[in-house]
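Engineer: Sequence:
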Amino acid sequence: MTADRGGMTENPPRTAHPAHTPCTLPTIDPGGPVRRVEARFASTPRGARLARRFAAEWLHARGVPEGSRAHDALILVVAELTANAVRHGCVPGRDFALGLALDPDTARIEVTDTRGDRLPRVPRGLPGPDRTGGRGLLLVARLADRWGWSRRPCGGPGKTVWAEYDAPGAAVESPEPGTASRP
Numbered sequence: 681m682t683a684d685r686g687g688m689t690e691n692p693p694r695t696a697h698p699a700h701t702p703c704t705l706p707t708i709d710p711g712g713p714v715r716r717v718e719a720r721f722a723s724t725p726r727g728a729r730l731a732r733r734f735a736a737e738w739l740h741a742r743g744v745p746e747g748s749r750a751h752d753a754l755i756l757v758v759a760e761l762t763a764n765a766v767r768h769g770c771v772p773g774r775d776f777a778l779g780l781a782l783d784p785d786t787a788r789i790e791v792t793d794t795r796g797d798r799l800p801r802v803p804r805g806l807p808g809p810d811r812t813g814g815r816g817l818l819l820v821a822r823l824a825d826r827w828g829w830s831r832r833p834c835g836g837p838g839k840t841v842w843a844e845y846d847a848p849g850a851a852v853e854s855p856e857p858g859t860a861s862r863p
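Going by my numbering, the letters in the sequence shown line up with residues 681 to 863, in that order.
Hints are computed from structural coordinates only; laboratory data are not their basis. All of these numbers come straight from a predicted model, not from anything done at the bench. Even glycine gets a Cβ: it sits at the ideal position worked out from N, Cα and C. Treat the hints with care, as some may be off.
Stated by the list, open to error - Derived CB-CB ranges, DEER-like:
hint: 1; residue 1: Arg-815; residue 2: Arg-729; range: 12 to 20 Å
hint: 2; residue 1: Arg-749; residue 2: Pro-833; range: 30 to 38 Å
hint: 3; residue 1: Ala-722; residue 2: Arg-798; range: 30 to 38 Å
hint: 4; residue 1: Glu-746; residue 2: Leu-799; range: 27 to 35 Å
hint: 5; residue 1: Val-771; residue 2: Arg-749; range: 30 to 38 Å
hint: 6; residue 1: Gly-743; residue 2: Gly-773; range: 35 to 43 Å
hint: 7; residue 1: Val-771; residue 2: Gly-747; range: 19 to 27 Å
hint: 8; residue 1: Val-771; residue 2: Pro-833; range: 28 to 36 Å
hint: 9; residue 1: Pro-745; residue 2: Val-771; range: 17 to 25 Å
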């Protein structure tokens, strides 16, 4: 399924980021127009925290400064997707993968786990005030310009949940605090 700010729609036919070929892991390409990286983390709360910190440092080093609106939104999406991978996609002894891609127009986050039988779905409405869960994908849907999921290519176990944020460079803080805006 795919979601945008307007609601759920069918998943587009593509199953992977166009810069990735099926069965090929992205690699660090610091000099190219599209910069990407993939890292694996233990499917534990600590692994999710490490993934969030890794993403924060990686984005900052590539021109999306910590404290900017884009950086904060992207890290919140990473936090939600990695927490979901640990909570809902964990298979004991298997890691999850965090993929990040950044080009001048779009930032893409991909979180891949090994449990394909638990697919993401946005709740219909807000959960009750006493519930401790059920808000993560609502938050992702609000912060991301697009998000969705796909089964792993080549018949691998699990799924990839992805989110895209348009124009991360446009949201960089301006010289006067509080004047940056997102298109």
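Engineer: Now, for every hint given, state plainly whether the structure supports it.
Structural biologist: Hints versus structure:
At roughly 19 Å, the beta carbons of Arg-815 and Arg-729 sit within the given window of 12 to 20 Å. For Arg-749 and Pro-833, the Cβ-Cβ distance of about 33 Å falls inside the hinted range of 30 to 38 Å, so the restraint holds. The hinted window of 30 to 38 Å between Ala-722 and Arg-798 is violated, with their beta carbons roughly 18 Å apart. With their beta carbons about 33 Å apart, Glu-746 and Leu-799 fall inside the hinted range of 27 to 35 Å.
At roughly 35 Å, the beta-carbon separation of Val-771 and Arg-749 lies within the given 30 to 38 Å, and the hint holds. At roughly 37 Å, the beta-carbon separation of Gly-743 and Gly-773 lies within the given 35 to 43 Å, and the hint holds. For the pair Val-771 and Gly-747, the beta carbons lie near 36 Å from each other, so the given range of 19 to 27 Å is not met. Against the hinted window of 28 to 36 Å, the Cβ-Cβ separation of Val-771 and Pro-833 comes to about 18 Å, which falls outside the hint.
One distance hint, 17 to 25 Å for the beta-carbon pair Pro-745 and Val-771, is violated here, with the actual separation near 36 Å.
Violated hints, in rising order: 3, 7, 8, 9; the structure is consistent with all others.
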